[in-house]
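Engineer: Sequence:
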Amino acid sequence: MSIDQLAEIAQAMVAPGKGIIAIDESTNTIKKRFDGVGIECTEENRRAYREMLLTTPKLGDHISGAILYDETLRQSTKAGVPFTKVMTDAGVIPGIKVDKGAMPLAGFPGELVTEGLDGLRDRLKEYAKLGARFAKWRAVITIGEDMPSGTCIEANSHALARYAALCQEQGLVPMVEPEVLMDGEHDIETCYEITEVTLRSLFGALYEHNVMLEGTILKASMVVPGKDCPEQASVEEVAEMTLRCLKATVPATLPGIVFLSGGQSDEQATAHLDAMNKLGAKPWPLSFSYGRAMQSAALKLWAKDMAANVGEAQKTVYARAKDNGMAALGRWK
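Last residue of the sequence shown? That's 450 in our numbering, and every number before it is there in order.
Result set (DSS-like, lysine-lysine): computed pairs, CA atoms no more than 25 Å apart in a straight line:
#1 K195 to K417
#2 K149 to K344
#3 K246 to K217
#4 K450 to K175
#5 K450 to K399
#6 K432 to K149
#7 K421 to K175
#8 K432 to K202
#9 K175 to K195
#10 K439 to K399
#11 K395 to K439
#12 K195 to K421
#13 K432 to K148
#14 K217 to K242
#15 K175 to K439
#16 K148 to K217
Honestly, the hints are just simulated from the structure, not real lab data.
Make the full structure from the sequences, and use the hints.
Structural biologist: Spelled out as C-alpha cells, the structure:
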C-alpha cells in the first residue's frame, strides 16, 4: 500500500467530528468489566456485547473507526454477518490491537515494556486479510520515585517504532500509544515533563525507523496530575498544558492525534477534549479513542437485561459518541 493510501486512511480516522471507539479489551480485562456488572465472561456473551456496540444505529455519524481484539475481528453477528462487514457498511474503519501487553522491564523494578514483536509481521499480514486497516500498540510509562528511567522510555519508543514500521510494510496505519499513567501523587508539572520526554523519544525513534508520519496516528494521554495528587487541575489547565506539550513535541506532518481517557470519568474526558479544541488553530485534528469513557454507561444498562436492553444501551453509545464528536469540534455543551 502506498503512503498516499495510508495517509488517506489516517485522515479518515480523524475526520471532523469523529473519533475511535476502543473495544480491544483482552479476555482477562473484559472479564473484570463483566464481573463488575454480574455477567459471565463467555465467548458468546463477549460476542453479543461487541455486536451491541458495533450495530448501534448511525454509529458512523461520530465514530470513524473501532479498535478490536483478535477474537472480535474474527467474529460475526448472530445472523452471521462478519463484524468487519458491519463496520465497513456503517463507515467505521476496522482496527486491531496487536501488542501482547506490558511486562516487567528486567533490571528496572516497577517499570514495564510492551511485548509482542515476535511473529508480528505474519500476524499483521493475517489481520490485513481479515479486514483490518489500522493497528494499535500501547506502551506504559509509570511515574514514581526515580521513574520513569531513560531506559524504560527508550525501550518502549524503540518497540513502538519497530511495530509502526512493520504495520506500514503490511499496509496498515499504525496507531502509536505511549500512555503516561495517571497512577500516583505527582503534580501536573511532573506529568508535563515526563510526557514531553516520552514524545520526543517516540518521534525520534519513528524517524530512525523510517516510519512515514503522514500514515501514522498518535494516541496520546492528556497532561493531568496523578489521581492521588492533593491538587487537581482545572479543565482549562489540563487543556492548555496538554496542547502546549503536544505543540512542543509532535511534528505538524502527523495527520491527527486521538486521546485515551486513561481513568478519567466520561464527562472529564469529554470536557478536556472540548476545551482543547476551543483553544484555536492547531497543526493537527484532536479527537478521541475512548474505551471505558464510551462504554461504561452502556455496559451497565445492557447487563441488566442483555436481550431487552440492547436498544437502550445503543442509545447511550450513540449519545456518548455524539458528545465526544462535538468535543472534537469544540462544540460540546
